[in-house]
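We have chain F already, so just place chain P on it with the hints.
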Amino acid sequence: MKFAIQVNEGPYQHQASDSAFQFAKAAIENGHEIMRVFFYHDGVNNASRFTLPPQDDRHVVNNWASLDIKNADGEPELVVCVAAALRRGMLDESEATKNSIEGNNLHPAFRISGLGQLIEAGIQSDRLVVFGD
Amino acid sequence: MATKKFMYLNRRSSFGTVYAIESLEVVLIAAAFEQDVSLAFMDDGVYQIVEGQETDGIGMKNFSKTFHALGDYDINKLYVSKESLEERGLSESDLMPLVYEDEDDDWEEKPSVKVVTNDELKAIMSEQDVCLSF
Chain F
1 MKFAIQVNEG PYQHQASDSA FQFAKAAIEN GHEIMRVFFY HDGVNNASRF
51 TLPPQDDRHV VNNWASLDIK NADGEPELVV CVAAALRRGM LDESEATKNS
101 IEGNNLHPAF RISGLGQLIE AGIQSDRLVV FGD
Chain P
1 MATKKFMYLN RRSSFGTVYA IESLEVVLIA AAFEQDVSLA FMDDGVYQIV
51 EGQETDGIGM KNFSKTFHAL GDYDINKLYV SKESLEERGL SESDLMPLVY
101 EDEDDDWEEK PSVKVVTNDE LKAIMSEQDV CLSF
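Residue numbers (the numbering used here), protein chains in the order written: chain F, 1 to 133; chain P, 1 to 134.
Next comes chain F alone, as it looks inside the complex (with noise of 0.2 Å):
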């Protein structure tokens, strides 16, 4: 089956992220496809690369990023919305020289776009699965 994932919480504060990077993990060792994750509200800040939790925990940008989740045209579809990530402070390199604002926090497993690929996601998987508080 094709899914589709929306995440809407952030790291650690929700286990949210948790359970839907389970529910990823699961379904790809069990033969499925997942076409996309979709990053909104505060689930933007699950690609901060400058995430750093005590060692004894998990650690879970670094979770996502393993899934290696990506389209035919090798780019990442861990796909982050374009609003909810500037309003909190969540930049790639582009978006960073755009507003002039010296670094940026994107994770490379990640990548930046708009919601229309949230709806775009709803319309060609079989199943999306949203995980929320």
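Read the hints as simulated data drawn from the structure, not as lab findings. Only true hints are included.
Quick list of in silico lysine-lysine cross-link-like pairs, BS3-like style, CA-CA up to 25 Å:
| # | chain 1 | residue 1 | chain 2 | residue 2 |
| --- | --- | --- | --- | --- |
| 1 | F | Lys-2 | P | Lys-5 |
| 2 | F | Lys-70 | F | Lys-25 |
| 3 | F | Lys-70 | F | Lys-2 |
| 4 | F | Lys-2 | P | Lys-4 |
Showing chain P alone in chain F's frame:
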């Protein structure tokens, strides 16, 4: 592109958390995809479409007026839980008079809001292809 039935389920009030405004942002983007869109309001979500919201005192953007634009985007199925209204001492007359112009009926102005019981809402939900919960 295939047409699917999308429902946006709103369960939280306008302010206090970001869910309501960011849900509305999704709905407005979704309008461009020409899908069959409906909105549902239940639990504290019914407060999102209460008439007379005023945000000057809290320094938040008053996005409630945006709901009036939905009709122009062909989004005219707004279901509101009867039980959720009653639990909060509200009735349909407390809600914004949201309307759309029916192109199949000489552009007559018709109400977009429909108060339904939770059982009716359950049946409508089960008909959906995609349900996004906020």
